[in-house]
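For the record, the sequence lines run as chains C and Z. Numbering of the first sequence is given in the working numbering, commencing with residue 42 and proceeding in unit increments. Numbering of the second sequence is given in the working numbering, commencing with residue 42 and proceeding in unit increments.
You may find that some hints are simply not true.
What the hints assert, rightly or not - Covered stretches of chain Z, going by a simulated chain C footprint (3 or more residues, C-beta under 8 Å):
| # | region |
| --- | --- |
| 1 | 96 to 109 |
| 2 | 121 to 134 |
Said to hold, decoys possible - Short derived list, chain Z residues pointing at chain C, Cβ under 10 Å:
| # | residue |
| --- | --- |
| 3 | 146 |
| 4 | 148 |
| 5 | 159 |
| 6 | 161 |
Claimed, not checked - Pairwise CB distance ranges, derived in the manner of DEER restraints:
| # | chain 1 | residue 1 | chain 2 | residue 2 | range |
| --- | --- | --- | --- | --- | --- |
| 7 | C | 88 | Z | 87 | 25 to 35 Å |
| 8 | C | 151 | Z | 93 | 40 to 50 Å |
| 9 | C | 138 | Z | 92 | 12 to 22 Å |
| 10 | C | 123 | Z | 112 | 24 to 34 Å |
Source of the hints: derived by calculation from the structure; they are not laboratory data. Ideal Cβ positions, reconstructed from N, Cα and C, are used throughout, including at glycine.
Here is how the chains run, residue by residue.
Protein chains: 2
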Amino acid sequence: VRVTEQATTADAVVDSYFQMWNETDGDRRLAAITRAWTPGGSYVDPMHVASGVGELDAMAAGLQQHYPGHRFRLTDPVEAHHDRARWGWEFVAPDGTTVISGVDFAQLDQAGRLREVVGFFAQPGGAA
Amino acid sequence: VRVTEQATTADAVVDSYFQMWNETDGDRRLAAITRAWTPGGSYVDPMHVASGVGELDAMAAGLQQHYPGHRFRLTDPVEAHHDRARWGWEFVAPDGTTVISGVDFAQLDQAGRLREVVGFFAQPGGAA
Numbered sequence: 042v043r044v045t046e047q048a049t050t051a052d053a054v055v056d057s058y059f060q061m062w063n064e065t066d067g068d069r070r071l072a073a074i075t076r077a078w079t080p081g082g083s084y085v086d087p088m089h090v091a092s093g094v095g096e097l098d099a100m101a102a103g104l105q106q107h108y109p110g111h112r113f114r115l116t117d118p119v120e121a122h123h124d125r126a127r128w129g130w131e132f133v134a135p136d137g138t139t140v141i142s143g144v145d146f147a148q149l150d151q152a153g154r155l156r157e158v159v160g161f162f163a164q165p166g167g168a169a
Numbered sequence: 042v043r044v045t046e047q048a049t050t051a052d053a054v055v056d057s058y059f060q061m062w063n064e065t066d067g068d069r070r071l072a073a074i075t076r077a078w079t080p081g082g083s084y085v086d087p088m089h090v091a092s093g094v095g096e097l098d099a100m101a102a103g104l105q106q107h108y109p110g111h112r113f114r115l116t117d118p119v120e121a122h123h124d125r126a127r128w129g130w131e132f133v134a135p136d137g138t139t140v141i142s143g144v145d146f147a148q149l150d151q152a153g154r155l156r157e158v159v160g161f162f163a164q165p166g167g168a169a
């Protein structure tokens with residue numbers, strides 16, 4: 042039961058996390074960020090660093106402006122153990138082509154929300 | 042140059058990390074742990090938790106006892122950005138078959154040594 046609850050929570054949190062990246066309505070994007078992240082939660086990947094709701098929101102909004110109509114989607118199921126989780130993702134153009142893929146690794150708070158997400162990009166020819 | 046130095050350090054540290062798992066000589070295994078990890082560094086995966094040289098050494102030695110002749114090896118190149126790194130691995134039986142594969146995520150100290158490693162196992166049918 043414990044494992045199932047943990048997995049369910051992680052799935053819901055990661056669903057809200059993808060809404061942060063994909064939601065273009067400002068109010069709904071902020072609501073998704075609040076559901077997904079612990080207050081003061083932070084994100085880092087090779088190109089971005091963001092900490093707290095305001096920076097997370099600006100990061101997602103900025104990416105949406107640069108890549109209109111693009112969406113992030115999950116490529117393999119969320120795996121969680123202890124207070125950690127990982128999942129694979131891809132960033133898809135409006136015509137369906139994958140622009141970039143990668144993997145995210147998260148540390149969770151006691152409520153299962155994101156304390157930190159670290160993103161890695163897939164290497165050409167390598168696994169994500 | 043900065044990126045190259047970082048990659049080189051991470052590669053050397055991860056090489057020592059694999060020596061921790063594979064080296065059956067106690068003194069050489071301890072030396073590998075000291076090279077790879079920051080003092081008090083910790084490891085967690087779905088089956089193990091270890092913190093500090095003694096627990097890391099006992100974890101590696103225990104696995105070697107349960108799986109004689111098996112070895113961990115890198116399956117895709119170490120990726121590093123900021124103070125983070127990730128790499129893929131597989132655990133191979135003496136006859137060459139892969140017993141399990143997965144991915145490790147690491148947080149590094151200022152010298153590039155492992156502060157924490159979080160391991161995830163590949164899901165059947167999914168990506169590592």
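Taking the hints in turn, this is what the structure says about them:
With 0 residues having a beta carbon nearer than 8 Å to a beta carbon of chain C, the region 96 to 109 of chain Z misses the requirement of three or more and the stated coverage is violated. Only residues whose C-beta sits within less than 8 Å of a C-beta in chain C count toward coverage, and the region 121 to 134 of chain Z has 5 of them, enough to reach three; the restraint holds. Restraint check, residue 146 (chain Z) versus chain C: the minimum CB separation of about 4 Å is within 10 Å; hint holds. Interface restraint check: residue 148 (chain Z) against chain C, minimum CB-CB distance 8 Å, threshold 10 Å, status holds.
A cut of 10 Å between beta carbons decides the hint on residue 159 (chain Z): the least distance to chain C is about 5 Å, and the hint holds. For the restraint placing residue 161 (chain Z) at the interface with chain C, the shortest Cβ-Cβ distance is roughly 5 Å, inside the 10 Å limit, so the hint holds. In this structure the hint that residue 88 (chain C) and residue 87 (chain Z) lie 25 to 35 Å apart at CB holds, the actual value being about 30 Å. For residue 151 (chain C) paired with residue 93 (chain Z), a C-beta distance near 24 Å fails the hint of 40 to 50 Å.
Look at residue 138 (chain C) against residue 92 (chain Z): about 44 Å separates their beta carbons, and that is not inside 12 to 22 Å. A hinted range of 24 to 34 Å holds for the C-beta pair residue 123 (chain C) and residue 112 (chain Z), which are about 26 Å apart.
Of the numbered hints given earlier, the model fails hints 1, 8 and 9; all others are met.
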